[in-house]
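Novice: Protein sequences appear in the order of chains A and B.
The first sequence maps to residues 7 to 422 in the working numbering.
The second sequence maps to residues 19 to 243 in the working numbering.
Hints should not be assumed to be uniformly reliable.
As the list claims (entries may be wrong) - Okay, the calculated bits of chain B under chain A, using three or more residues with CB under 8 Å as the criterion:
hint, stretch
1, 76-86
2, 128-134
3, 155-162
As the list claims (entries may be wrong) - Beta-carbon label-pair distances, calculated as ranges:
hint, chain 1, residue 1, chain 2, residue 2, range
4, A, ASP360, B, ARG95, 17 to 27 Å
5, A, ALA163, B, LEU72, 33 to 43 Å
6, B, GLY90, A, LEU237, 57 to 67 Å
7, A, ASN178, B, ALA52, 42 to 52 Å
8, A, ALA170, B, LEU72, 50 to 60 Å
9, B, ASN149, A, PRO95, 20 to 30 Å
10, A, TYR98, B, LEU72, 37 to 47 Å
11, A, VAL148, B, GLU77, 55 to 65 Å
12, B, ARG53, A, ALA184, 49 to 59 Å
13, B, ALA52, A, LEU305, 54 to 64 Å
14, A, GLY268, B, ARG95, 49 to 59 Å
15, B, ARG53, A, VAL92, 16 to 26 Å
Think of the hints as simulated: they come from the structure by calculation, not from any bench.
Beta carbons are placed, not taken as given, at the ideal position from N, Cα and C, and that holds for glycine.
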Amino acid sequence: MNEHKAVVLAAMALLVPAHASFAQLASRLEAGALVSSRDGLLQENVFAVRPSVQYDLPLLAFHASGSAWHLGNRWQLADGSAQIDVSTPSRYGIHGEFTGSASRIEYDPGAPSDQVDARAEIHMAFDQRGGFWIGGGIDRPVRVSIVSAVEVTGGGAWTKIGGATLSGSVTNFAFSKAGTMQDSAGVASCSAAGGSVGGSGAPPTTADVAAQPETQECRRQSRFSDIEGTLEWALGPLEVTAQGGYRIGEVFDAMDDSRRWGGATATYWVTNQFAAVVGGGREPGNPARGLPSRSFANLGLMLAYVPIPRRTIAVASNASVTVFQVEDVGYGNHTITLRAGGVERVEIMGSFTDWEPHALTRIGRDRWEITIPVRPGVHQVNVRLDNGKWRPPPGMPAMRDGFNGEVGIWVVEEGM
Amino acid sequence: MIRRSRKCLLQLMLLPTLLVVPLPLAAQDASMLARLDAPSRYQVELMMDSASRLDLPRETLLSKALEGISKGAHGSRIVQVVRRHFAALRDARGTLGRDVSADELNAAAGALQSGVPRNSLATLHTTRKGNSILMPLVVLSDLVSRGVPPENATSAIINMSQRGALDSDFAGLRRGVETDILSGASPATALDRRTREFPGRGAPGAQNPVVPSPTRPQETPGPSR
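So that you can see chain A by itself, here it is in the shape it has in the complex (with noise of 0.2 Å):
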C-alpha cells in the first residue's frame, strides 16, 4: 500500500510542475523492430521498446531512457540511463554546463556494464547561429577492476544552416587498462610478487617483456581520439539525424572495426504525437566497457504525448513562430497556442504578466500551450524561443518597445 503510495506521489511530483510556469515535461515511446548483429556473432533480430522521459527546468533538466529488447519468448533490458544536466545562467552567450549520468548497457543477458560519468563544459554562443564548446569529464566503469577511470576531454562546434544544424566535435579518451605482456603492446607497468618493470615511469623494453611470465600483470595505457559530425535537419514533418566518426589511436585501441562509423534515422510525423521512424548504421567499440562494434537497423513507430527534444546543443535558435492563437476559455483565462519547431524552450511575456516571462508547455512535436488570465483591454506581448531576442507574435500588430526590438499589440475584448 505504501508502495502505491508512493508512486502516486511520485507521479504528481513529476506532474504538477510540468504544468508549472518554468518546469518542462516530454515523453517519448518508440517500438518496433531491431536488427543488430555484432562481428563474429549470429545477427539477433528482436522486438525492442524504448520508452524515455525529460524534465526541464530553467538551469537544470533529467533525462531517463532504456530499451528492452523481446527475444526468444522473453524480455531483457538492453540499455538504460539516467542524467542530470545543471546550467549556469548565460552571460554574454557564455555558460557552463555540468552533466552526471549513470548508464547500463546489457546486450548479452548476464554481462551487464555499468558506468557513471562526470563532464564539465563551457558554451559559447554567437547571436543563435553557431558556437562552440570546450569540456572534459570522468567515466568510470563499474565493476571493472581492470580498466580505471577514464579521462574524457574535448570540444566542438554548431552551426545553424537554414533548417540543418551541423555540429562537429573531437574527444579525447584516456584510460589504463589491465593485461599481460603478450598482449599489452603499449605497456606502461607491469608488476609482480618479485617486483615490477617499467614502474619507475619508463616504459619497460621489449627485452624487458621478453623476461617476463606470460601471467605478469601489466597497465597499459590507452589513448584514442573520436572525430565525429552531426547533422540535423527538420523539413516539415521530416525530421533527419545523420552522424558519422572516424577513430585515431594506435590498433590496440582503435580496432580496426571501430575506425570509422555512421548511422542516420529519419523520423516522419504523421500528427503531432505519432510518427514512423526508420534508421540503421554502425556503432563503434567501447574499449573501456568492453563493448564491441555493431550494426544495427530499426524500422518501429513512435507515440509522444510530449515528444523529446532533439538533442540540445544548448543554444539559442533562429527558429520562428508560425501560428499564434488565442481563446478565451472562461473566468478571464485565455489559451495561447503557437507552433515553433525545433526549439527546446517558448516563452511569453507582457503587460498581462506584468512582464515576468512564462515558459510555455509543448504540447505535441512544435505546438505550445499555456493557459493564463488576461484582462480585457490593450496588451503588449513578446515572445522568445531558447533564449532569444523578445519578438512579436507574428499575425499580430507590432510597435516599437523603445528597447530596440518591437512589441504585439494584443487588444482582449471584453468576453471574448
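Using the hints provided, position chain B relative to the given structure of chain A.
Specialist: Quick look at chain B alone, frame taken from chain A:
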C-alpha cells in the same frame, strides 16, 4: 461546548486571511521596481506620481519600466523610455481630451512616438465621430513600425476612417500590407495598393468624401527632456 470550539477553530482559520491586507498601490509599484537601480527607480516613481496628478494612466509607465527591466535594458535607458512615453501620454491627452479611454490614450501615445503628427490624431478622432479610435491607432503604429512613412500611414488611416471603415477593415488593411511586404513590396507601395482596394462603406450612391492630401508633420512631438 463543541460548537464554541468549532467557532474558535473557524476564527483561527480565518485569521491569516484577515492579516493579508492589500498593499497600497505605491508599495506594490516599489516592490515591482525593486530590480531597478535606486536613482532610476526614483525617477520612474516621480513620473508615475506626476501621471497620477495629471489623470494619466500611471500603470502604463510602470509597465514600460517593467518591460525594460525584463528586456535587460540599462536603468538610464528605462528612464528615458518611460519619460518619452509620459510625454507622449501628456500630448495625447492634450490632443484628444478626456473623452477617450486609457487604452485609446496609450495607443495614441504609441502612435505619437512612432512619428504620427498630433494634428493627425485630432483629425482621426474627429472623423471617427465618437467611435473608438483604438484599432485605427493600433494599425497606424503597426504600419509605421513596418516602414510605411508616417504621413502616408496617417493619410491612409484617416482616409479609410472618413469612408466609414470598421475595425475589421483596419485589421484587414494591416494584414494585407504585412502580406505584401513579406512578398517583397515596399511598405509605401503595399499600403497604397491595399488602401485602394477598400471600397468604402458609405451609403449607396453617396460620394466618398474628399481625401485630404497627406499632411506633413509640422513638428513631431519629441520626448520631454
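Novice: All hints, please: hold or fail.
Specialist: Against the structure, the hints:
1. 76-86: holds (count 5)
2. 128-134: Since 3 is at least three, the answer is holds.
3. 155-162: holds (count 5)
4. A:ASP360 with B:ARG95: 17 to 27 Å: Because 19 Å falls inside the window, the suggested range holds.
5. A:ALA163 with B:LEU72: 33 to 43 Å: Given range 33 to 43 Å: violated, Cβ gap about 56 Å.
6. B:GLY90 with A:LEU237: 57 to 67 Å: violated, 34 Å
7. A:ASN178 with B:ALA52: 42 to 52 Å: This hint holds: roughly 48 Å between Cβ atoms.
8. A:ALA170 with B:LEU72: 50 to 60 Å: With a Cβ separation near 55 Å, ALA170 of chain A and LEU72 of chain B satisfy 50 to 60 Å, so the hint holds.
9. B:ASN149 with A:PRO95: 20 to 30 Å: For ASN149 of chain B and PRO95 of chain A the Cβ distance comes to about 49 Å; the hint is violated.
10. A:TYR98 with B:LEU72: 37 to 47 Å: At roughly 41 Å between Cβ atoms, LEU72 of chain B and TYR98 of chain A fall inside 37 to 47 Å, so the hint holds.
11. A:VAL148 with B:GLU77: 55 to 65 Å: holds, 59 Å
12. B:ARG53 with A:ALA184: 49 to 59 Å: holds, 58 Å
13. B:ALA52 with A:LEU305: 54 to 64 Å: holds, 57 Å
14. A:GLY268 with B:ARG95: 49 to 59 Å: At 51 Å between Cβs, range holds.
15. B:ARG53 with A:VAL92: 16 to 26 Å: holds, 24 Å
When each numbered hint is compared with the structure, violations occur for hints 5, 6 and 9.
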